[in-house]
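> Chain by chain, the residues:
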Amino acid sequence: METIHLKTVDPISQELLRSAAQRGIHLSWERYEKQQPQDGFQRLGLSCPYGCMQGPCRIDPFGRGADRGLCGLDRDGMVAAFLLRLCVAGALEALQRYLPEKVTPDVSIPAPLNKMLNQALKNLGGGRLVASEIHESGSLLSRPEEPAEKLVERALRLGLLTLVLSGQKKLDRATRTSRCRVGYGILSPGEVFIGVSGQPSEKPFQMLEKAVSGKGAPAVRLVSLGNWLRGREGFLSFGCTSGEADLLLSTGKIHSLFAGPGTETSLLELCRSMKIPYMESEEQGQPGDLVRSARDRQGRSSRQTLTFPSSLVGEGRVITNPKELENALKKAKARKIALVVGSDTFQHPVGWLPVEIATHLMGDGFHVMGWGDAALWMVKNGLAADDRKPAVTVLDDDPMLAMEGLAVADVLKGLRGICFTGLKTCRDLNIALGWASLGVRVCVSSPLPFWGSEVVRKILSKKVEAVGGAFAHLDHPAEPTEILDWFEK
Amino acid sequence: MKVIGVHVDRCTGCKTCELYCASERGSEGKSLLKAVQETPVPQPRLRVEGGPEIAFPLQCRHCLDAPCLDACLAGALVRDEKTNLVVIREDRCIACWTCTAFCPYGVIFSWPERKIALKCDRCGYMEEPVCVDVCPTRALELVDLNAIGDLLQEKRKGVTRDAAAKRKKGVWVLELG
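Line by line, the protein sequences are chains A and B.
Just so we're aligned, residue 1 is where the first sequence starts under my numbering, counting upward by one.
Just so we're aligned, residue 1 is where the second sequence starts under my numbering, counting upward by one.
Only chain A is shown next, with the shape it has when bound in the complex (with noise of 0.2 Å):
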């Protein structure tokens, strides 16, 4: 526990770590501490990731083992096609997320992005974008005589397509303002908690929501446990990030669960072990079973202490279009602008990152904007505050959004960067990657396993440089003075 400041920023999860720790419940940095160091080859990107039944070929970073695969594939091939693997699944990933139904969608573009996508693609081999490219890149897979440069072009590709992917599901891009409200305190005493986890499909999702509403006392509320989920009454309420789900379900105060796909086992295993009720949204289980299981499980646990005061609440006001992003951007004047955006990752304490950063950007004159877990951190600590000026500006998690917004705005040239404070996904790396493909400056503040060769590293620079954008990511966890510096730069 002596590291306690090291795994989140916030107070009051550093007393719930403990708190856990003491009750003998273990929690996801415990799960970290144990799997260091991670396989070092793979953090190169020096483990092959064909599958073939030949291998499994790593070849020696120090050069004096095994300098390739038993196929003869060199370093830069097999840091080359790692990362391609990496980003096949990323945008199968995205695939799956946005458009579920379709095997081989269409994929448009929104009109203000035309010209910058066009270029990225014409410096990316040309020809159209079409969702078929995730089934090709994974037959390279299955060729390591491939060249390490077609492998990555190849791999931004897909970063383009899963970005352009994000933008697909418009159905959620209400026109009415929503709100946010992210924080322990909506945790009131009395009141039963579904946390609901992952990104549960609209049908099961409809469902739970109706259930909870019927009558029956006492009253049922749904809590997001770090997704971005719209409800009928805007998106609901997150009791924490991401990063935090079970830290959170450890405190006893969530009633019964509600996981959907991409939930994390160990929120399941943490239900079970807890005796907390649980329901996977695409089982076809009733959700009144669920609604009835946690009015029981509050009955029980009424008399527990442990509570919250109101106050741990943040609010803000979250952009869902373009149109509303344009006259958010008109009204602030901006005209030096950050992206802070990311997951929580166990690299960094959770929440350091994306506050420190904010704050100095604002202080600095930056007009910062955020989605996922970085933008819930700055909503919590008070940065998104309707009364703050100035204030971070939260958008809804749909990368897609942001590039629209800034585009129909006309103030891309004021866009000084990104700053991925976390990546958890190979979803997220993709978008990473897509951004530095349509000519915008990335950082990545984690290390990435591209390390294992400086060709992979050249080609990757060299081929969003051609566009006029920047990747940047460094070998070690980033300093906040770190990307503070790349952002003034």
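Do not rely on the hints blindly, as some may be mistaken.
If the Cβ cut is set under 7 Å, some of the chain A residues that face chain B in the computed set are [unchecked claim]:
#: 1; residue: A66
#: 2; residue: D475
#: 3; residue: P477
Straight line, CA to CA, 27 Å or less: simulated BS3-like cross-link-like pairs of lysine-lysine [as the list claims (entries may be wrong)]:
#: 4; chain 1: B; residue 1: K115; chain 2: A; residue 2: K34
#: 5; chain 1: A; residue 1: K323; chain 2: A; residue 2: K333
#: 6; chain 1: B; residue 1: K34; chain 2: A; residue 2: K424
#: 7; chain 1: B; residue 1: K30; chain 2: A; residue 2: K458
#: 8; chain 1: B; residue 1: K30; chain 2: A; residue 2: K34
#: 9; chain 1: A; residue 1: K462; chain 2: A; residue 2: K331
#: 10; chain 1: A; residue 1: K462; chain 2: B; residue 2: K2
#: 11; chain 1: B; residue 1: K30; chain 2: A; residue 2: K424
Hint data in this document are derived by calculation from the structure and do not stem from the laboratory.
From the three backbone atoms N, C-alpha and C, an ideal C-beta is built for every residue, glycine too.
With chain A held as given, fit chain B onto it using these hints.
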């Protein structure tokens, strides 16, 4: 004296010990991602040898009667009075590689780029050697040589207990495997 012991049954041959030994002990950057960018390329002080059936991480055994000490012409290899470990004084090493030839385990390595011989010093100034710290299966363990007698005694007791449990009669020849 404490030395690094190996649980052979636990070693999967992942070479994590090699990677992190090279990066934390052989590099300026002290991290894997920095180490791979350095020239000369950092070198580890231990090697994992073996094939698909068995893997074994080998490093200096700090022999009590160490042939390398006698072989070193420049007096670079010495026994540390405090820890009793065999260590190399890099400033004295003339890169003649005699020690590498005399080491019965082949665990003193030449590093021509830096003109020194390289060997495990058990990370003497650290609380725990890097290889022991990073081993994902805990195949490496820091053991006190004085405690080895206790370990052997424990083994003998185990054999005796097994024999007693099986109620063997007459002369019993242990199956040696």
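> Taking the hints in turn, state whether each one holds.
Now for the hints, and whether the structure bears them out:
For A/A66, the interface hint is violated, since its Cβ never comes within 7 Å of a Cβ in chain B; the closest pair sits about 10 Å apart. A hinted interface residue such as A/D475 counts as satisfied when its beta carbon comes closer than 7 Å to some beta carbon of chain B; here the least separation is about 4 Å, so the hint holds. Interface restraint check: A/P477 against chain B, minimum CB-CB distance 10 Å, threshold 7 Å, status violated. As the CA atoms of B/K115 and A/K34 are separated by approximately 38 Å, the hinted pair breaks the 27 Å bound.
This hinted pair checks out: A/K323 and A/K333 have alpha carbons roughly 15 Å apart, not beyond 27 Å. For the hint pairing B/K34 with A/K424, the CA-to-CA distance comes to about 22 Å; that is within 27 Å, so the pair holds. At roughly 23 Å between alpha-carbon atoms, B/K30 and A/K458 fall within 27 Å of each other, so this suggested pair holds. This hinted pair checks out: B/K30 and A/K34 have alpha carbons roughly 21 Å apart, not beyond 27 Å.
Only pairs whose Cα atoms come within 27 Å are accepted, and A/K462 paired with A/K331 is rejected, the gap being roughly 37 Å. At roughly 51 Å between alpha-carbon atoms, A/K462 and B/K2 are farther apart than 27 Å, so this suggested pair is violated. Our distance criterion of 27 Å between C-alpha atoms is met by B/K30 and A/K424, whose separation comes to about 25 Å.
Going through the hint list in order, the structure does not satisfy hints 1, 3, 4, 9, 10.
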